[in-house]
Amino acid sequence: MIIENTITSLLNFIPEIILFIMSMVILLAGLFKFSSKYVFHLAVLSVIVAFIVSLQNQTITSSLLFNNSIIKTNVTDFFKHICYFIFLVQILISRNYLKDKKIITGEFYSLLIFALLGCFIIISSNNLIVLFLGIELSSLSLYSLIALNRSSILSSEAAIKYFVLSTIASGIILFGFSYLYGITGTLSISDISKYLISYDESNLYLFSYVLIFIGVAFKFAVAPFHMWLPDVYEGSPLPITNFIASIPKIAFFVLTYRFLEDNPIINNDNFSKLLLLLGIFSILVGNLFALAQKKIMRMLAYSGVANAGFIFLGIFSAINNNFSIAAFYVISYAVTIVSAISIVTFISSKKFDLIYINDFKGFSSRSGYVSILLMITLLSTAGIPLTIGFYAKYLVLDALVDRGLILAAVVVVLMTVIGLYYYLRVIWFMFFESGSNSLINVRGNFSLFILSLIPASIILVFLFPDSIFKYVFEILT
Amino acid sequence: MDIITILFYLVTSVIILSAISLIIVNNTVHAALLLVLIFFNSAILWLMLKAEFLSIVLVLVYVGAVLVLFLFVVMLLDIPVRKNSNQKLYLLFSVVTSLVMFAELYMVIFYHNFTNEVNIITSSELNNTYQIGLMLFTDYIFSFEVTAFILLVAIIAAIAINMTEKQRSLRQDPGKQILESKKSRLRIIKGNKL
Numbered sequence: 000m001i002i003e004n005t006i007t008s009l010l011n012f013i014p015e016i017i018l019f020i021m022s023m024v025i026l027l028a029g030l031f032k033f034s035s036k037y038v039f040h041l042a043v044l045s046v047i048v049a050f051i052v053s054l055q056n057q058t059i060t061s062s063l064l065f066n067n068s069i070i071k072t073n074v075t076d077f078f079k080h081i082c083y084f085i086f087l088v089q090i091l092i093s094r095n096y097l098k099d100k101k102i103i104t105g106e107f108y109s110l111l112i113f114a115l116l117g118c119f120i121i122i123s124s125n126n127l128i129v130l131f132l133g134i135e136l137s138s139l140s141l142y143s144l145i146a147l148n149r150s151s152i153l154s155s156e157a158a159i160k161y162f163v164l165s166t167i168a169s170g171i172i173l174f175g176f177s178y179l180y181g182i183t184g185t186l187s188i189s190d191i192s193k194y195l196i197s198y199d200e201s202n203l204y205l206f207s208y209v210l211i212f213i214g215v216a217f218k219f220a221v222a223p224f225h226m227w228l229p230d231v232y233e234g235s236p237l238p239i240t241n242f243i244a245s246i247p248k249i250a251f252f253v254l255t256y257r258f259l260e261d262n263p264i265i266n267n268d269n270f271s272k273l274l275l276l277l278g279i280f281s282i283l284v285g286n287l288f289a290l291a292q293k294k295i296m297r298m299l300a301y302s303g304v305a306n307a308g309f310i311f312l313g314i315f316s317a318i319n320n321n322f323s324i325a326a327f328y329v330i331s332y333a334v335t336i337v338s339a340i341s342i343v344t345f346i347s348s349k350k351f352d353l354i355y356i357n358d359f360k361g362f363s364s365r366s367g368y369v370s371i372l373l374m375i376t377l378l379s380t381a382g383i384p385l386t387i388g389f390y391a392k393y394l395v396l397d398a399l400v401d402r403g404l405i406l407a408a409v410v411v412v413l414m415t416v417i418g419l420y421y422y423l424r425v426i427w428f429m430f431f432e433s434g435s436n437s438l439i440n441v442r443g444n445f446s447l448f449i450l451s452l453i454p455a456s457i458i459l460v461f462l463f464p465d466s467i468f469k470y471v472f473e474i475l476t
Numbered sequence: 000m001d002i003i004t005i006l007f008y009l010v011t012s013v014i015i016l017s018a019i020s021l022i023i024v025n026n027t028v029h030a031a032l033l034l035v036l037i038f039f040n041s042a043i044l045w046l047m048l049k050a051e052f053l054s055i056v057l058v059l060v061y062v063g064a065v066l067v068l069f070l071f072v073v074m075l076l077d078i079p080v081r082k083n084s085n086q087k088l089y090l091l092f093s094v095v096t097s098l099v100m101f102a103e104l105y106m107v108i109f110y111h112n113f114t115n116e117v118n119i120i121t122s123s124e125l126n127n128t129y130q131i132g133l134m135l136f137t138d139y140i141f142s143f144e145v146t147a148f149i150l151l152v153a154i155i156a157a158i159a160i161n162m163t164e165k166q167r168s169l170r171q172d173p174g175k176q177i178l179e180s181k182k183s184r185l186r187i188i189k190g191n192k193l
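Quick mapping for you: the protein sequence lines, in order, are chains A and B.
Using numbering that gives the first Met the number 0, the first residue of the first sequence is number 0, and each one after it goes up by one.
Using numbering that gives the first Met the number 0, the first residue of the second sequence is number 0, and each one after it goes up by one.
It is worth saying that the hints were derived from the structure and are not from the lab.
Keep in mind it's a predicted model, so treat the numbers as computed, not measured.
Every residue, glycine too, gets a C-beta built ideally from N, C-alpha and C.
Do not rely on the hints blindly, as some may be mistaken.
Here are the simulated DSBU-like pairs of lysine-lysine, each with C-alpha atoms no more than 30 Å apart in a straight line [as the list claims (entries may be wrong)]: (1) B/Lys175 <-> A/Lys32; (2) A/Lys349 <-> A/Lys32; (3) A/Lys36 <-> B/Lys87.
Here are some, though not all, of the chain B residues that point toward chain A, as calculated from beta-carbon distances under 8 Å [stated by the list, open to error]: (4) Ser41; (5) Met134; (6) Phe141; (7) Phe148.
Calculated from the model, a selection of chain B residues having no Cβ within reach of chain A, i.e. all distances over 10 Å [stated by the list, open to error]: (8) Leu16; (9) Ile19; (10) Ser20; (11) Leu34; (12) Phe39; (13) Val58; (14) Val60; (15) Leu70; (16) Asn126; (17) Ser142; (18) Thr146; (19) Ala159; (20) Gly174; (21) Lys175; (22) Ile188; (23) Lys189.
I would like the entire structure built from these sequences, with the hints used as guidance.
Right under this line is the structure:
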């Protein structure tokens, strides 16, 4: 019985097992001189194989694996596929950058795949212990990935800051878990979120949820817990920044979805007010601080804070278990920020690091195509029509107005308009200022093709949104 | 009050006092030793909950291995205690924040009546260690494996971060030693050329 269960679970878990085995193979391949050249190819191959197997293994019915510790539904499958896609784009773009920085080693790719595995475990966990282990697996790999670039002082600083603060957040999450276990007497997340249907809501239950969401807010970098984000964005190597900005956010969104799905606590006044206030405060802080930034990565970090605020507002407005708005926002933001950071990685992968926003001056005369791609991406982050970001922001605002929170919606719109300034400044520098830097890298047909995938899909989804909207709404309501 | 209750209050007060002094103490060696005291007392608490295997593991693993390593590191590095100039300001803020948090926790936890408490599974036939082993390799096999991943990541990361291209260590290279000639090592100077 137990053995049968384990075998069926293992069969359903093949993509992750492939990734794990291949990360070991990559680690070994990196050790020898003759094979260390093929580390990158092995990494790409393993991710593609896992992606294809995962696409083949899709199920419509949800199933519980490994004695209820892992859940596999169409929601987890969908988010995992988006993670695979984003991850592929990231590692395909980052090759030349890593070669230039001399950190293209077996350890790098194997730790990166471990971080991805940790995020997958977060996405599909149905057990508090497994969930916490997934959080630790992904963040431990990320700390060490940031610290891997030892020649840079900024990297070490970022690694230490991320390590200390993120550990505190993990501790707070664990504290909340322990009280949840004490109250409900079960470790299964689906049982915990259904607990309120049969029992009264107690203050302690609410308190443990608040603790967990403080931890989640930290991982999302929502405003009072955002202090680590700019330094980490600035200090870590760009491919790692690319990872931190996108995939953990998707994973933690699925975590919040699992905790709040079918749970009456989302209608609790105190709890939903927490989400609302955190969201609005974060939009205020993110947009205002981003105005003053001189470095491109710090600017993107603060814009990430503002967008995390939007995600929290989306979760706040998920009143009838309708998480599709927040899910759509998370996906569109993750894909867009990956495109933006990938373009910066691509530009600065030849002896020159593009750090300051001023460096974008006259960029369109160097390469009009890349600057148009960056323009589309930035406009999507800002939420201008003709891009997917417009729908995402519009849906969140629409939900806010539906709940009668006109004032909040007005504040959010004002802040978004202020935020437009710093996105447009980059575009202005690119197209209307003179000056050109010959060290900027604009070559590489394959990279250009990969880079243009996301901006093209941003516009295509805006023009033909029906199928994707329908799919997201169908699986998340 | 029976003896168990008295013991409980004694042990918990030692834990709380040593935890507070762990934060206040300036000397890192003293802090590590206070942590040892905390672990020992928590082990006693677990023993009182009839979890004898876990309490022994706590002492063996944490006190025996982790903290001894920690003490070694602290003693070898000899980190000087730095006086921060605005330490008093930090102290004020931290005391206020922790008092507020304590009040909140007190209000929330002590007014909660734990009706459906977690049932402690006690079976007379199987002992504690056996049961833990059984659970670990059947129900929690996935968590067990993920823990192994995490330890693996820690090993990879520790080696990858510390591995340098340049040889900083004092390791001897036998090949270079053999190739060394007399000329490169020895210079004979005649007396009048000094």
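To see whether the hints hold, each was checked on the structure:
no.: 1; hint: B/Lys175 <-> A/Lys32; in the structure: 22 Å, holds
no.: 2; hint: A/Lys349 <-> A/Lys32; in the structure: 24 Å, holds
no.: 3; hint: A/Lys36 <-> B/Lys87; in the structure: 55 Å, violated
no.: 4; hint: Ser41; in the structure: 14 Å, violated
no.: 5; hint: Met134; in the structure: 10 Å, violated
no.: 6; hint: Phe141; in the structure: 4 Å, holds
no.: 7; hint: Phe148; in the structure: 6 Å, holds
no.: 8; hint: Leu16; in the structure: 21 Å, holds
no.: 9; hint: Ile19; in the structure: 18 Å, holds
no.: 10; hint: Ser20; in the structure: 21 Å, holds
no.: 11; hint: Leu34; in the structure: 16 Å, holds
no.: 12; hint: Phe39; in the structure: 22 Å, holds
no.: 13; hint: Val58; in the structure: 22 Å, holds
no.: 14; hint: Val60; in the structure: 17 Å, holds
no.: 15; hint: Leu70; in the structure: 21 Å, holds
no.: 16; hint: Asn126; in the structure: 21 Å, holds
no.: 17; hint: Ser142; in the structure: 5 Å, violated
no.: 18; hint: Thr146; in the structure: 6 Å, violated
no.: 19; hint: Ala159; in the structure: 4 Å, violated
no.: 20; hint: Gly174; in the structure: 18 Å, holds
no.: 21; hint: Lys175; in the structure: 20 Å, holds
no.: 22; hint: Ile188; in the structure: 42 Å, holds
no.: 23; hint: Lys189; in the structure: 48 Å, holds
Hints 3, 4, 5, 17, 18 and 19 from the earlier list are contradicted by this structure; the remaining hints agree with it.
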